[in-house]
Every structure is written in C-alpha cells, then in structure tokens.
Amino acid sequence: MATNDTETTTPTPVLSVRDLVVHFEKKSSLPFAKASATVHAVCGSSFDLFPGETLSLVGESGCGKTTTGRAVLQLAEPTSGSIKYEGTELVGLSRKEMKDIRQNLQIVFQDPFGSLDPKMTIGSSIAEPLAIHGRWNDEEGPELVAEAMRNVGLDPRFANRFPNEFSGGQRQRIAIARALILKPKVLILDEPVSALDVSVQAGVINLLADLQEKFGIAYLMIAHDLSVVRHVSDRVAVMYLGRIVEIADKVDLYSAPQHPYTQALLSAAPMADPKAERKRKRIILEGDVPSPLNPPTGCRFRTRCPKAQDICASEMPELEDKGQGHAVACHFPEAVQII
Amino acid sequence: MAQPVVSVKNLEVSFRTDNGVLNAVRDLSFELGEQEVLGIVGESGSGKSVTSLALIGLLPKTADVTGSVQIDGEEIVGRTEKEMYKMRGDKVSMIFQDPMTSLNPVYTIGWQIIEAVQAHKEMSKEEAKAKAIELLKLSGIPRPEAALDSYPHEFSGGMRQRAVIAIAMANSPRVMLADEPTTALDVTVQAQVIQSLQSALEATKAALILVTHDLGVVAGVANRVIVMYAGRVVEFADVDDLFYRPSMPYTHGLLGSIPSHTTDSTERLSQIPGSPPTMINHTGGCPFAPRCPLAQDICRSTEPTLEQVTTNSGAVHLSACHFRDEVSAMPVASMFVGAEEILEGVDDSGN
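Quick mapping for you: the protein sequence lines, in order, are chains A and B. No gaps in the numbering here: position 72 of the first sequence is 72 in our numbering, and each next residue is one more. With the second sequence counted from 1, adding 339 to any position gets you our numbering.
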C-alpha cells in the first residue's frame, strides 16, 4: 500500500468506540423471582481502529473481548456508549440501517465447524452474503465466488462440495472468503486460529496478512494467544474484567508493559524456547478473576495485583495516555521489561 | 539411568474400523526415570492421546494392544481390569484435559480426594482428611479446609484442575500422565496449574508424561521430548536438542509455524503443506513424505527407522528420517520457505 510519508496529520479512524458499556441482565429462572443480577461484560471501553491496521483485543476468558467485538456489529446490544463507523453512529440504528452498514463490517468466528451450514455447498455459503445484500447477479456472481476462493487459496472447482469434505484450516479459509466477498473495510476476527493445529494455524495467519496487504482491510482481532497477537498486530489492547487496562503499539506493549496485569500475562505465556523458559521469572497471580456479576470497586485488578494500595479500592484508574499512544489504566504504572 | 520408572517397548495400538485397520500407535519405545518429564507433542490424530491411554490401561476393548509397557517393573499390557484397578492411582495416575468431566459433580472435592486416598491404603477418616488437606495445600489451593466441603461447580477451571492434581498425587504414584492438562485454561491460570504440577512432582518424585500440542509448555516443563506423527515417534531428544537442533523435517515445520512473542518478526510463518494422513492401511514410505519439501524417491518407498542422529555431545537424539544428519544441520524450518501451496484442494485419497 502506497502511503505518503510526509503526511503528519493523524488518519481518521474507520471505527471509533467510546465508553462502550455492555451489561447483560441475568434473569432468575424461577417464576416471580425478584429482579435479576447484572453481568458487567464491558464497562467503558474506548478505542480507535485505523484503516488497514490490526488492533488486537487480548485478555482471558470473561474479560469482555468477544462481547466488545459483537457489540461493534450490534450483535450484542450496547447499554451505553458510542460506536462510530466512518463517522456514522451505529448505536441505536434500526435493523435495516445496520444491515446496510454490515456490508462493511464482517466477522470470522472461532469455530469453522459451527460457522458453516453443513447442508449448503461452500459455493452457496460464500455467495450468500451477496444475495442477502441484493448484490448477486448471474453474470458476475460465479466469478466473484471463484475469485473469493482463489484469494483464500482454495481451488474454485470445489465450490459445489460440502463443508464436511474440508479440513479445519480449509473451513476457516471458506469462512474468510465468505466474510470478504462483500469487500468490507473492517473484519472482526474472533479467535480465528485458536481451534486449529499449529501447522494449519500458520497458513491462516499468513493468509490474513496477505489479504490485509492486498485489500487494505482493518482487522479487529480478538485473541488470547500472545505469540499470535504479537505476530499479526500493529497495536494491542489488553482487557481485564470488562475494561481496557493498557493499549499500545505492539512493540511498546511487549517490550515495556506498564500495567501489572499486562506484565503478569506476558510473564505467564509459555515460549517455545527452552533456554528462555529457564531464565525467565514468572509472575504468578494469586486467585482467580472475580465474577463480572459483582466486580470489585475501584480498579478491577486490585484483588490480584501485587502493587495494590488503598487508592486502588476507592478510585477507578482512567485509561491515560503516557505518550506515543501508550495508554495505561493504573494508579502506579511502571514500565518493566518482562521478555 | 538406574531402573527406569516407565519402560515402553514396541508398543502398537490398532483399531479395527469399517474401512480397515487403523494403526493409532506404531512401534513406540522409550524409558523414563524418576522425576523426569517427558513431553509428547504432535497434532490432532498423531496418536499421542491413545499412547497415554495405553499407558494407564484405559483403551476401549476394541483396541488391539501389543508390545510391552512396564511401570515400576510391572507389566501393564494384558492385565485384567481388576488388576489395573489396583495399579491406577497407586502406581500410575492421570490428569485429563477437562477437569469438569473428570471430577464428579455430585460429590464434594473433599469426598473425592478422601476416596482416592483410601482406595489404596487403610486409613482412618481423620487421617484421610488430614492427608486431603495436605494435598490441597500442596497443589496450591487457598483455604484447603474450606475447599474440602466445596462442590466442583463452586471452583473455577484452574482450581478444579489443581484439585485433580491433588487426587492424582494422592498415593504418590511412580508416574503421572497429563493429557493436555492446561489446554482449556487461560495463561495466568495455566501458570498456576503448571506450578502445582511441578510441586506435585517434587513431593512425589514421580515421573511425568505430558501430552500436549503446546510447544511452549513443553519447552518450559519437559526434560525430554517425543514428537509423534501418524502414530509413530519421528523424533526423540533432550528438550534443548529438539528445539535448537531438530532433525526431522516435521519438527522443523512445527517449530517454524509458531510465532514468537519475544521478537517482532513479521516474517511469514513456515507452513506445512497438506494435512496429516489417515492411519488406515498405511503402505510403505515415510508418512510425512507427501508434505515434506525434501522428500526423495527413497522416502516414498521405504519408511525410515528411528535412529541416532550424529551429534557432538553423544546425547541420545533419535530421528526417523532418511536424511537425519543433513536435516539436523539445517536452520530451523528453512526447508519450508516457499513450500506453500497455491491452491488447496480436497484430499480424495483413501476415500
């Protein structure tokens, strides 16, 4: 992609999320039961996604990364906050208006066995988005499908086969072809490779990099594998219990993480390098992630944080920019080299 | 090595299927000493889980098992279920991937640990309870007294897995088998579980066989590593030799396909073309040959045996490759550069 190096103004984000809050009401199954509890899935996340870049949301189960991704597509209803796609507010749009915008915002799910209809040929699966958005016609359609298949490294002659004839890696390629046939500007990748074996995973990662270079799509990737994230991302946001605790350029985040949770996360991730493994010091966190039904006051991480003080219980630290787009939500941030 | 704790010789496991005989494990041999950790790695379907089930005698009756598996000098292959029942938990124990299904949801954690403790030793209720508390403490569970009265659903995934580890080490077994013990867990929890696994090894002096697909976990925990492909051991070496001097193209491919989180390389990952073969009616040749960029005619006709690689150190390093010495000298994954397929088709063979 040709970019103008002298350009100094910040580019306009393709996707802009501000103070996103997603709560789920947990209803009791008993009749006449009293008011329900609230799951605080996402609590005030803000981030921008720029054209052609990859931003990854990382964190452990229940940190709200998947809900954030789904909220962007309005698949989970935001409780409050704003999500703008190229300046258009998505929160509060009607289903019909959202349907039009979804042509530009597509998603690839984690499980390629669950995301393809077993009774549809892969050709129809890939063509379906065109039909749904009224863009199918018999002259160009088949060629568009063939091109989409070639783009993901599949032979178009197999368009009339069924999903069960393909391996996990091939199915994930089919899912990617389907997501890309509308030429979206943003692709949300929800754990796109975590269900695949490593050697197959590598092929899909390479493919995603090629497609981004070719079409300039922005990726919002949701993942938990820190090695994969470092390989594919430009920027990384670390989430903990519904909040972004640190967001930075990937080089900064991996070489000088400032939030104690990011540091613990990086120190715990296994490395395929025995000598490095023997040398490293692990920060082993005590206890478990608290329940999102009843998150701690103040800083969400304070119950497991080795640096927690009184202020951490009383005041929620805001995500503050410490320079060069490296923002941290901690009362006592300190850059530490972990790996 | 003194008397090995585990000694496996020419283990073969096959299943009869409608499509023919499926050779899940072929000609597997290794020995393991006290407190040693053996990592068994491989992709789905490589035979690593079947191997671990064979070692604890939990394969279904439809499996044909030949060869020998000795644990602490006692033969496992051919034992009756009743005899195995006495050995399991006492000499050899197992930690499965999913702690929710390996714990019984209707009994308390305490009940389940006490059951394991009393299964092999005469012990009063009080003694067993004290032992259970000690085990929970060892495996890193906070407030072990209170944990005794908890049910599995009250525990998080990591806590459950630590309770399973407590049960596995209850009778100080000679060998613990762990099949993907941390795969379902988040990384910070994984670190906790690995820590309790390591303290369990220290406390019991057991050997550990760790079956996993995660090379990072293996790099951190194992002393020695077996790489399996299509039911066979294709490489066996000390952990450093395996990671820094791989001698089988498949191992190169595996190592090259994991991105590093210590460097900012955005280079392409090496990808192994094609997919693993089915193990039904295997006929001659190296099973990796169809995916191997170095394959020659000999690879397609003759299956290589597992033999020592020429090394400076003289350490045991076995590889099943006709070109093991050449491959050993090559930079990691170099042979896969440019070996990508352009278009993937459907594998029609064997169907």
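Since the hints were derived computationally from the structure, they do not count as laboratory data. All values derive from a computational prediction rather than experimental measurement. Idealized CB from N, CA, C, for every residue including glycine. Accuracy of the hints is not assured; some may be wrong.
According to the in silico footprint, chain B covers these stretches of chain A (three or more CB under 8 Å from chain B) [said to hold, decoys possible]:
id, stretch
1, 72-79
2, 194-201
3, 224-230
4, 239-246
5, 262-275
No more than 25 Å apart at the CA atoms, straight line, and that leaves these computed lysine to aspartate or glutamate pairs for DMTMM-like [to be verified]:
id, chain 1, residue 1, chain 2, residue 2
6, A, LYS279, B, GLU646
7, A, LYS275, B, ASP403
8, A, LYS275, B, GLU375
9, A, LYS279, B, ASP577
10, A, LYS275, B, ASP577
11, A, LYS281, B, GLU541
12, A, LYS281, B, GLU646
Here's how the hints hold up against the structure:
1. 72-79: violated (count 0)
2. 194-201: holds (count 5)
3. 224-230: holds (count 6)
4. 239-246: violated (count 0)
5. 262-275: holds (count 12)
6. LYS279/A - GLU646/B: Cα-Cα ~32 Å, so violated.
7. LYS275/A - ASP403/B: violated, 40 Å
8. LYS275/A - GLU375/B: Holds, at about 18 Å.
9. LYS279/A - ASP577/B: Status holds; Cα separation ~18 Å.
10. LYS275/A - ASP577/B: holds, 12 Å
11. LYS281/A - GLU541/B: holds, 19 Å
12. LYS281/A - GLU646/B: Distance of about 37 Å is beyond 25 Å: violated.
This entry does not satisfy hints 1, 4, 6, 7, 12, going by the numbered hints stated previously.
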